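Asks: This is what each chain is made of:
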Amino acid sequence: MTVSIEPAIEAPSVKRPSRAVRLTIVIYLAALVGAQASEAFFSTELSVACYSALLIALLNHFAFAPASAELRAALAGVALVPLLRIAALGLPQQFVPSVYWEALPAALVLATVFALRRIVEPGGIGLPVRASSQRGWGAKPQVALLLLSPPFALASAFALSGLDLANAQPGRPATTAAVLVVAAFSGMTLEVVFRGVIQPALVALCGWQGVALTSLLYAGLFIGSASWFVVLLAATTGVVWGSFSALTHKVSGVAASHALFAMTWAALF
Amino acid sequence: MPPLRSNNVLALACVLAIGVGSELAPDAARAGQRATTPKPDELLKRFPIGTTPVTPIPIAPTAPEQPPVVTEPPAAVIQRSSDSTADFVVTPLVNPNTREFIASRSDFSRSFLLARIVIPLLLVLLIERELLIAGGRMGARAFLAYGLPLMAISALLAYARIRTYVD
Numbered sequence: 002m003t004v005s006i007e008p009a010i011e012a013p014s015v016k017r018p019s020r021a022v023r024l025t026i027v028i029y030l031a032a033l034v035g036a037q038a039s040e041a042f043f044s045t046e047l048s049v050a051c052y053s054a055l056l057i058a059l060l061n062h063f064a065f066a067p068a069s070a071e072l073r074a075a076l077a078g079v080a081l082v083p084l085l086r087i088a089a090l091g092l093p094q095q096f097v098p099s100v101y102w103e104a105l106p107a108a109l110v111l112a113t114v115f116a117l118r119r120i121v122e123p124g125g126i127g128l129p130v131r132a133s134s135q136r137g138w139g140a141k142p143q144v145a146l147l148l149l150s151p152p153f154a155l156a157s158a159f160a161l162s163g164l165d166l167a168n169a170q171p172g173r174p175a176t177t178a179a180v181l182v183v184a185a186f187s188g189m190t191l192e193v194v195f196r197g198v199i200q201p202a203l204v205a206l207c208g209w210q211g212v213a214l215t216s217l218l219y220a221g222l223f224i225g226s227a228s229w230f231v232v233l234l235a236a237t238t239g240v241v242w243g244s245f246s247a248l249t250h251k252v253s254g255v256a257a258s259h260a261l262f263a264m265t266w267a268a269l270f
Numbered sequence: 062m063p064p065l066r067s068n069n070v071l072a073l074a075c076v077l078a079i080g081v082g083s084e085l086a087p088d089a090a091r092a093g094q095r096a097t098t099p100k101p102d103e104l105l106k107r108f109p110i111g112t113t114p115v116t117p118i119p120i121a122p123t124a125p126e127q128p129p130v131v132t133e134p135p136a137a138v139i140q141r142s143s144d145s146t147a148d149f150v151v152t153p154l155v156n157p158n159t160r161e162f163i164a165s166r167s168d169f170s171r172s173f174l175l176a177r178i179v180i181p182l183l184l185v186l187l188i189e190r191e192l193l194i195a196g197g198r199m200g201a202r203a204f205l206a207y208g209l210p211l212m213a214i215s216a217l218l219a220y221a222r223i224r225t226y227v228d
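So the protein sequences, as listed, match chains L and E.
First residue of the first sequence? That's 2 in our numbering, and the numbers climb one at a time after it.
First residue of the second sequence? That's 62 in our numbering, and the numbers climb one at a time after it.
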């Protein structure tokens, strides 16, 4: 599955976006990572205000400023990140079981992605939507990626505990089925958002550097985990999943892989 | 400039009603409840997490011993004691900072804090959407797509505040 956003009715731009356009989106990404860092190092209230300001700025730039179709698609896609963080901070309540705290924002952002997809038609602005003549890699690499996910999750979890990077030991047996389902759902949602919406837009704008930029933005989500090992792990997995989805032009394989990875972690901790 | 459509005006009115309601309804209820039930914030201040709040009752020498009246602990205490996954969970959406933010305040005070940011943000998005429609520009539906989750968040925040007084 490839989700793409076409926010404009202008004709597809044929020339490569200029350096200034790419710099614009890099500045937005840096601001988003800064807002995520402010949540970890300063206060949650400040980060919510930063996310709100960034959401307004991104959407206004998307709607009002004269910009290329690629930039507008990137702006609309990147705006999902502050929305995701605002939902993740606003929706969890003490009267809601904590198991579902992660599912609520994921469901809302997934609905937004669906609404955005209904607004636009894929393939009209030069996004890397898979053409009919373009053959993917087939099912074997995706199955291989799927099978590699649980061992990699196991290895990274035990490396985390073995290096004394977290005050937790894997193997606690208190995991319920609801935790596993929510972990799989949120993992798949993150893949749809990052590898299905944001990455194609950034790749159209910046080429292969878009994969790295998307992975950095994805790793920024984990700054709040207070473990640099986890941030590095997220960046690594982001590069792997991003490269795989860019090469295969599909999100389904990496979404299933992320779901298995998240379920393994949820089962261990 | 074309007139505003009725359904959009209705949506704006609903958002305003949620915002005003979340501000006014608890204030009206607070006046009636202050004499009987303390607010969760006051409970947290008086009885820090981990202690058992006990209201002292004078006992007459001849009367049989009465059990102390135990006030219901605040929601944060219940949540922490029943939450077995709160120690270390690597999830990008609900990280330890988020859990601390949720546990440090009651739903009542946290919803007030968040509503001050989320509701103006939602109003700005809806107004800009109307401006885009009026100006004949594209992208108005994108603003609605981003506004719908904010509407859901606003409704949940308003419910969290009203729920404090319904219970």
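Wrong hints could be hidden among the right ones.
Partial pick of chain E residues on the chain L-facing surface, computed with a CB cut under 10 Å [as the list claims (entries may be wrong)]:
#, residue
1, P153
2, N156
3, N158
4, R171
5, R202
Okay, the calculated bits of chain E under chain L, using three or more residues with CB under 8 Å as the criterion [as the list claims (entries may be wrong)]:
#, stretch
6, 172 to 180
7, 184 to 193
8, 203 to 212
Simulated restraints on C-beta separations [said to hold, decoys possible]:
#, chain 1, residue 1, chain 2, residue 2, range
9, E, E161, L, L148, 48 to 54 Å
10, L, L181, E, S165, 42 to 48 Å
11, L, A38, E, D228, 45 to 51 Å
12, L, S253, E, D228, 42 to 48 Å
13, L, L155, E, G196, 20 to 26 Å
14, L, W209, E, G197, 23 to 29 Å
15, L, T237, E, S165, 49 to 55 Å
16, L, P142, E, Y226, 21 to 27 Å
17, E, I188, L, L24, 41 to 47 Å
Just so you know, these hints were derived from the structure itself, not from any lab.
Please read these numbers as outputs of a predicted model, since none were measured by experiment.
From the three backbone atoms N, C-alpha and C, an ideal C-beta is built for every residue, glycine too.
Asks: Of the hints stated earlier, which fail here?
Replies: Violated hints (numbers, rising): 9, 10, 11, 13, 14, 15, 16 and 17; every other hint is consistent with the structure.
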